[in-house]
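Colleague: Residues per chain, in single letters:
Number of protein chains: 2
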Amino acid sequence: MRPQIVLFGDSITEQSFRSGGWGSSLANTYSRKADVLVRGYGGYNTRWALFLLTHIFPLNSTKPPAATTIFFGANDAALLGRNSERQHVPVEEYRENLKKMVLHLKECSPAMLVVLITPPPVDEEGRKEYAKSLYGEKAMQFPERTNEMAGVYARQCVELAKDLGIRAIDLWSKMQGTDGWQKKFLSDGLHLTPEGNAVVHEEVVRVFSEAWLSAADMPYDLPHHSEIDGKNPEKAFLQKCL
Amino acid sequence: MRPQIVLFGDSITEQSFRSGGWGSSLANTYSRKADVLVRGYGGYNTRWALFLLTHIFPLNSTKPPAATTIFFGANDAALLGRNSERQHVPVEEYRENLKKMVLHLKECSPAMLVVLITPPPVDEEGRKEYAKSLYGEKAMQFPERTNEMAGVYARQCVELAKDLGIRAIDLWSKMQGTDGWQKKFLSDGLHLTPEGNAVVHEEVVRVFSEAWLSAADMPYDLPHHSEIDGKNPEKAFLQKCL
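Those protein sequence lines, which keep their order, are chains A and B. Start counting the first sequence at 149; every next residue gets the next number (the working numbering). Start counting the second sequence at 149; every next residue gets the next number (the working numbering).
Hints are computed from structural coordinates only; laboratory data are not their basis. Treat each hint with caution, since some may be false.
Since the list gives no way to pick one copy over another, a pair counts as held whenever it fits inside one copy or between any two copies.
What the hints assert, rightly or not - Using 20 angstroms as the maximum straight-line C-alpha spacing, the simulated EDC-like pairs for lysine to aspartate or glutamate come out as follows:
| # | residue 1 | residue 2 |
| --- | --- | --- |
| 1 | Lys-379 | Glu-244 |
| 2 | Lys-379 | Glu-233 |
| 3 | Lys-332 | Glu-296 |
| 4 | Lys-248 | Glu-382 |
| 5 | Lys-181 | Glu-350 |
| 6 | Lys-310 | Glu-240 |
| 7 | Lys-379 | Glu-241 |
| 8 | Lys-331 | Asp-318 |
Same shape as in the complex, but just chain A (with noise of 0.2 angstroms):
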């Protein structure tokens, strides 16, 4: 009935209809227009990713999402021979899995709109709290992610969407373009404060609107109250419901 949206990352995603939180958003500015799914995966890099494809966006669907935001890298850009290693996937393998990952939406459906996510900047300083937080003094003292290497992923993400001619969100970039945004846009150097994920809702609003999905110009689902004739309802749904 309506058109789908589908959400598909890491915790940055898992977490976005947390009170405040960026999917949530989205779903209201699409309220009677089009559904908002989130497929986000806390912990996963694209390579897990990868495994989910097919599961989460079958070749064969009659109804594939008219639009999916990839939204991954803050794993991937995890530092070897750190504690989070574990999840590190090499830049160029990064790449490659993205591509992998529009490739097969283009094939689910050559229409859909899909929107690459570049992973948002990293606040070592905020990681370093964070970590003694929950370690005290046993926390590690290097850092299992620096923002230096967000920006490598974030570049390659941004350079791929060129290369295939679709849009890119340059997150980590335009986080960074605000003063304070190490503790404005996120809670612990890598997640998104409600500041933070005020810019993902609004940049993605933006790209979609720049393209085709356009909630001011989508019409509602079915008939505004407004519009049904109180003593003769049915007339109102005559066109899509009877």
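Starting from the known structure of chain A, arrange chain B on it as the hints suggest.
Modeller: Below, chain B alone, put in the same frame as chain A:
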């Protein structure tokens, strides 16, 4: 893949994905376990909503919702002879319309968990202030809704649920059990504040859990990242994805 939870109702359902809304909180509670779809239609009464029924819940669906909340009555209970009389539906017909909805959903899927939610209480002072903020001195002297009348509809909703052997949430009574409910739970005398949304969220989670749809007892749709062996990731996906 995941079971679906559908929220069917009027504006209080339509607005449930605003910041702090009960719909987005529910989506977060069932994160990675069920999808929450909003089918809220602001201004609708049960008479108009009946026209949508087979459109939203087709009888031949291969994947009917696992659970549906039906949350109408705030508009049906609008008084005759007042500003919103166009939305008024007599209480006997309200009850009959709700019954038709429940029977239709049970025909769609006898296993579907159907939960009726009564209209919330009405803060008549809050409605008056809201009308004044919109229309100034031109605001109607007399309220278009009263708390007493909302209670009449709420009782019929609860009694119908008993008669049909299904679950109901008596929101009208529940909210009035808290001192200062008028401003604490209602933003304009009728719609919900974040605290009011929290009450609905809590009640829906309670009733779903008392039935068989407890998020805590439901499996993740796909492996948690901690189950993935970094060196042999495919093992974790054998059962569900390969």
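Colleague: Could you work out which of the previously given hints the structure breaks and list their numbers from low to high?
Modeller: none
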